[in-house]
Amino acid sequence: MFSRNKKPNLSVSTDMMKKQKRYEALVKAFHADIFRYAMWLIKDKAIAEDVVQETFLRAWKSLDSLKDQAAAKSWLITILRRENARRFERKQFDLVDIDDVVVADPHNFGDVTLEHRELRRIMSNLSEEYREPLMMQILMGFTGDEIAEQLNLNKNTVMTRLFRARNQIKEALLDEQPKGEQVNG
Amino acid sequence: MDELSFRRTIYAEPNTTDPDIIQAANNDPAKQAFWDEVKAMDAQLAQAMNIPVPENFADKLILRQGMDEFTQKRKKRPWYVAMAASVAMVVGVSYMTLLAGNNGLANDVFAHVSHEYMNKEMTMGGKNVTQEAINEKMATFNGSLSEDIGEVVSANYCYLNTIKSLHMIIRGKTGLVNLFVVTDNKSKELEEDFSNDELIGTSFLLSSAKIIIVGDDKEDVSQLQLVAKNAFRF
Chain A
1 MFSRNKKPNL
11 SVSTDMMKKQ
21 KRYEALVKAF
31 HADIFRYAMW
41 LIKDKAIAED
51 VVQETFLRAW
61 KSLDSLKDQA
71 AAKSWLITIL
81 RRENARRFER
91 KQFDLVDIDD
101 VVVADPHNFG
111 DVTLEHRELR
121 RIMSNLSEEY
131 REPLMMQILM
141 GFTGDEIAEQ
151 LNLNKNTVMT
161 RLFRARNQIK
171 EALLDEQPKG
181 EQVNG
Chain B
1 MDELSFRRTI
11 YAEPNTTDPD
21 IIQAANNDPA
31 KQAFWDEVKA
41 MDAQLAQAMN
51 IPVPENFADK
61 LILRQGMDEF
71 TQKRKKRPWY
81 VAMAASVAMV
91 VGVSYMTLLA
101 GNNGLANDVF
111 AHVSHEYMNK
121 EMTMGGKNVT
131 QEAINEKMAT
141 FNGSLSEDIG
151 EVVSANYCYL
161 NTIKSLHMII
171 RGKTGLVNLF
181 VVTDNKSKEL
191 EEDFSNDELI
201 GTSFLLSSAK
211 IIIVGDDKED
221 VSQLQLVAKN
231 AFRF
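Protein chains in written order, with my numbering: chain A, 1 to 185; chain B, 1 to 234.
One thing to keep in mind: the hints can contain errors.
Straight-line distance between alpha carbons at most 16 Å, and here's what the computed EDC-like set of lysine to aspartate or glutamate pairs gives [stated by the list, open to error]:
no., chain 1, residue 1, chain 2, residue 2
1, A, 170, B, 37
2, A, 28, B, 59
3, A, 45, B, 37
4, A, 170, B, 55
5, A, 155, B, 13
Simulated from the structure, these hints should not be mistaken for lab results.
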């Protein structure tokens with residue numbers, strides 16, 4: 001009665017090992033990008049780490065549903081965005097509009113040049129609807145179509161947002177320039 | 001291509017491969033310069049976005065999944081363990097109900113006759129209980145003791161499970177004998193004669209009350225039975 005189970009068990013464990021290897025490869029290839037994306041989305045290191053952990057845990061659980069390796073990145077981003085949304089469902093009382101609060105402390109992001117610090121401040125001040133597609137494009141390398149699919153928008157809207165995002169950054173940089181000189185001078 | 005739509009496209013997608021855009025840039029150095037400028041800004045943005053990842057983060061993610069897997073595996077018990085557990089439980093429950101159903105009161109009586117319990121009773125009751133003291137207690141059962149039934153070393157109320165009884169310990173010829181007085185309506189299930197490996201019990205009815213006598217010596221028990229039949233009045 002028990003011996004009947006033995007043979008399938010062997011193939012199950014090799015399947016598990018294959019899955020484990022696949023998972024580890026996925027983590028190694030994408031954890032940095034996913035973490036950075038989460039940081040820009042959430043702007044809090046501890047929460048971002050948590051959400052990324054949840055994301056990969058969920059990815060592990062449904063790894064079999066990922067058929068196309070090339071789609072892995074956007075698959076992970078989809079999970080991440082859902083996990084992030086769940087955070088707000090779970091904690092209704094925590095629902096502060098994060099864009100209204102200047103949470104982004106440039107020092108939190110690690111040691112960088114003044115120029116980058118400036119850029120980071122500007123980026124974290126962008127509203128989410130502009131920041132997110134920009135992140136997808138620059139950080140994740142998504143095409144306009146891929147961003148449209150992720151955000152459930154049509155491509156024209158995405159392109160407009162990307163244009164406005166860069167426009168706002170450019171304007172902010174121009175505004176910052178005199179200030180920068182004052183500091184230096 | 002007009003200036004505005006060129007700028008819009010470049011701003012939206014600096015890495016565009018749109019041939020019209022490339023053509024326009026080739027034809028106009030100012031457009032090309034603008035494009036280069038946006039590309040430079042994008043490169044800066046990409047660098048600025050490059051936040052350092054926490055140390056050993058990948059290992060942490062892999063470990064975390066391993067732990068989750070481990071707890072999940074532990075939860076999965078083979079079916080035969082569950083089967084064995086439920087069989088054991090059914091056996092246990094039926095054994096207990098059979099036992100209790102057959103001679104619940106007898107078991108309670110035996111429990112009260114154990115040496116340990118008797119010793120406790122005797123230290124509580126003191127020595128040589130008088131007939132008067134017994135009769136005070138007998139009043140609860142609307143009865144009385146009119147004759148000498150031998151040396152009573154203890155007489156106490158006690159509960160046979162939920163049934164109130166008067167438990168007397170009487171010295172017999174070879175050892176101690178126990179006598180319980182209970183009301184009849186609570187003790188109908190008890191058989192007239194009962195026993196286990198060590199003890200012999202007998203019970204008889206005296207109008208509204210039942211007398212139960214238990215001891216380890218058969219002669220002592222039947223001797224006390226004879227005496228008790230005449231000594232108690234209800």
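Hints versus structure:
1. As the CA atoms of residue 170 of chain A and residue 37 of chain B are separated by approximately 11 Å, the hinted pair is consistent with the 16 Å bound.
2. For the proposed pair residue 28 of chain A and residue 59 of chain B, the alpha carbon gap of about 9 Å is at most 16 Å, so the pair holds.
3. Distance hint between residue 45 of chain A and residue 37 of chain B is unfulfilled; the C-alpha atoms sit about 32 Å from each other, more than 16 Å.
4. Proposed proximity of residue 170 of chain A and residue 55 of chain B is contradicted: the alpha carbons are some 33 Å apart, above 16 Å.
5. For a cut-off of 16 Å, the pair hint linking residue 155 of chain A to residue 13 of chain B stands: about 12 Å separates their Cα positions.
The structure fails hints 3, 4 (numbered hints given earlier, in ascending order).
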